[in-house]
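S.K.: In order, the protein sequences belong to chains A and B.
Residue 138 in my numbering is what sits at position 148 of the first sequence, and the numbering runs on without skipping anything.
Residue 86 in my numbering is what sits at position 96 of the second sequence, and the numbering runs on without skipping anything.
Quick caveat, the hints were computed from the structure, so don't treat them as lab data.
As the structure is a computational prediction, the values presented were derived from the model and not from experiment.
Yeah, the Cβ is synthetic: ideal placement off N, Cα and C, and Gly gets one too.
Be a bit skeptical, because a hint or two may be false.
To be verified - Residues from chain A that face chain B, not an exhaustive set, calculated with beta carbons under 7 Å: (1) Arg141; (2) Glu145; (3) Ala196; (4) Asp293; (5) Tyr300; (6) Gln302; (7) Ile318.
Chain by chain, the residues:
Protein chains: 2
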Amino acid sequence: MSPTSIDTGRVRVALLGCGTVGTALVEMLAAPGRSGDLALAARTRLEIVGIAVRDLDAVRSTSGGFPVHLLTQDAKGLVEREDVDIVVELIGGIDPAHRLVEAALNGGKPVVTGNKALLARFGADLAELAAARGVDLLYEAAVGSAIPVIRPLRESLAGERISRVMGIVNGTTNFILSAMANEGASYAEALAEAQSLGLAEADPSADVGGGDAAAKAAILASLAFAANVVVGDVHCEGITHVTQSDVRYARQLGYVIKPLAVAERVDRASAISVRVHPALVPHDHALASVNGAFNAVFIEGEDSGEMMLYGQGAGGRAAASAVLGDLIVAARHLRQGVFTPPAAQRVAVRIAPLAELSCPFYLSMDVVDRPGVLAAVAQVMGEHGVSIRWMEQKGLGNEARLIFLTHEALEGAVAATVHELSGLKVVDRVGAVLRVIGSEDSGPGRDA
Amino acid sequence: MSPTSIDTGRVRVALLGCGTVGTALVEMLAAPGRSGDLALAARTRLEIVGIAVRDLDAVRSTSGGFPVHLLTQDAKGLVEREDVDIVVELIGGIDPAHRLVEAALNGGKPVVTGNKALLARFGADLAELAAARGVDLLYEAAVGSAIPVIRPLRESLAGERISRVMGIVNGTTNFILSAMANEGASYAEALAEAQSLGLAEADPSADVGGGDAAAKAAILASLAFAANVVVGDVHCEGITHVTQSDVRYARQLGYVIKPLAVAERVDRASAISVRVHPALVPHDHALASVNGAFNAVFIEGEDSGEMMLYGQGAGGRAAASAVLGDLIVAARHLRQGVFTPPAAQRVAVRIAPLAELSCPFYLSMDVVDRPGVLAAVAQVMGEHGVSIRWMEQKGLGNEARLIFLTHEALEGAVAATVHELSGLKVVDRVGAVLRVIGSEDSGPGRDA
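Sequences are here, hints too, so could you generate the full structure?
M.R.: Laid out in structure tokens, this is it:
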């Protein structure tokens, strides 16, 4: 398999990238008393023989014993070194990570990575390359940090017919929406709090716009449905338009607004839908109590029923723990000359057009406060076949806010409704248009 | 590796035992359209070539196409057949399952089993035998049914330093305690309801006495701590002494009573403790909302933080789903000539004596209702170093019920206290003595 010579007593690891996660990994591998445990688990000693970084001075270890002598700026050279058995890629992003991972696999070296962006674009190609070279491509850290998600989907549930995967896979947006729900914070206040805690970047757009979650959704969908789903297949909406008013109404109706990544079989399992958007989750659903920066992946299988894998979604050590687990498996496999096969052969899959999907919706809009306006709005909804299940009107000075919960409605019909309503003179603003998770038995009136 | 000849296009499976789980497995493997998916996942066709049962007439398939021609009463002969590649053991119990699993492994045949009783007694020996023969011994169905628990602990978390595993691993007792908490049912009523739903046996002692959970606790502890823990190492208390009054007081104090299996490192990680008992769990803990027949395993790792794996704990199809996942991995491995190594070498581990452990306790007792009794009780507790954090007294005619929540106290001290209190003339009965999970910051007064 691997053309590199394997020293019988140890497996030699090249680390690409040494930010928060890489630094934690280096420290865990060097922790006193731990290397023995790890060698028992891996059946061989794990030894970092080189660490490629962009800036030699930027390495931020908290412990004194950081192996600065292993640092190099020549990542390509490190990957190709004869005495490197396994490559751990923690650079992130597409370039140069893509080139380096390809070079490692082409060289017959197993790769452990947490690079969701790379996997969501080139995952199928890389999996094929790894299989062709007979080496592992492992990426437990790419979704849900330390929570075992990838391996359960790839192995434990390999025989299961999964109908839906719903994940809270972005800790930043879950923190923000949790703070809005539990502390009454506005979106701006909650974002500022996340930034002050280091849970959100100065430019938070990758998180709050849904891009990070979309990459993870593509990875989950690819595993759950043994298909090749890329980030471009994912319909993506952020959380920036969710207001404190929506959070309060959702609670009143028995729901919590959560940032979801959803991958599901639709149209009698002939197609799939992969989406990222905030949604109203019934308060008694397992995902509703996943708060703060925690992540969870909720899986619905035909035989297994409902399952949820839950844990911390952030932090360098948690992610490093996932990398370490993969590293141990890769080391075992390398010595056995085997690898974890890709989830399945690449299967062509149809992505269902969004307009064809349906679910109940939550709609909020501000209208001119005068008689007949509600009738005008209701008429537009009715003409598009969007049936109202519940509504509330609240005066706001010269305006009124209308909140609707609809029966199950087609996405296309709701989009057309919103488009037409936005053009009405009496409608000042259509606010949140949010999907509702769960059957119509959930939510208001379900105890009636 | 395996001395049996492997037909390149298929892996031939012997099924031992065909109750609810076995029947579901046979039906899943034969489901129209599914065998193709399974062959893709396993990289080979999975074919059942024989089914050993005790009673040929007792097979209870719901579908018409059950392969009765595969039935045999000669389990030993089936295991040894030359055309059998993998053995699935679903008989349960020690004998004859133990002999048959040994025979399969000795014959170089991978084994998939859900037999918790067998693994909790002979797991380490069987794992050693499997490793010596270079074949898989997989048992995802043994704990938590379809929930991926075993593989995450054995592989994903192989590098993690796990400090504690707490599981709700028995659906029957969780159903009973949930019904007592949520419907106000008495223990007897809840048990009767569980029996009428098929969730409890006519003789429920293995569930309500904690024996089933104890076997699972031993398996979880062995994996989490890479040690050889057997069922005899597990301190085991059932739920039969929990009353509706305890459930109500627990709620008033901010707790839910849950049936737990706990495996944790104690005494600065030099020893472990493995226990099964009902406990007061803070209402905002993730385990508190695991209701009905659902199972969950809560894992605390030094680096990974807190995780929870949650799902259905009962039902033939859910367990069969776990078996099928293992079967697919075993088939892949068989064709690659490799196997999943045991969690680690067998490590000697010290089981901490129960008396040395400490935690807060909930105590309930009925006493004579007259002045001075509380002082007498409090004096006994004080003499044993059991410090009272909260108490409530409630009149019951001539009696009074005293409810105490203690600060962290030694198990040995609490046992001595209870022994002495039971001998006091003014104490009619010491009722529940329940452990409390969580720090002293949880529970009453935590918002103060």
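S.K.: Does each hint fit the structure? Answer for all of them.
M.R.: We went through each hint and held it up to the structure:
Hint on A/Arg141 holds. Least Cβ distance to chain B is approximately 5 Å, under the 7 Å limit. Interface restraint check: A/Glu145 against chain B, minimum CB-CB distance 5 Å, threshold 7 Å, status holds. With its C-beta approaching chain B no nearer than about 23 Å, A/Ala196 sits outside the 7 Å limit, and its interface hint is violated. Nearest Cβ of chain B to the Cβ of A/Asp293: about 4 Å, under the 7 Å cut. The hint holds.
Restraint check, A/Tyr300 versus chain B: the minimum CB separation of about 4 Å is within 7 Å; hint holds. Contact between A/Gln302 and chain B, as hinted, is supported at the beta carbon level, the nearest pair being about 4 Å apart and thus within 7 Å. Because the closest C-beta pair between A/Ile318 and chain B is about 5 Å apart, less than 7 Å, the hint holds.
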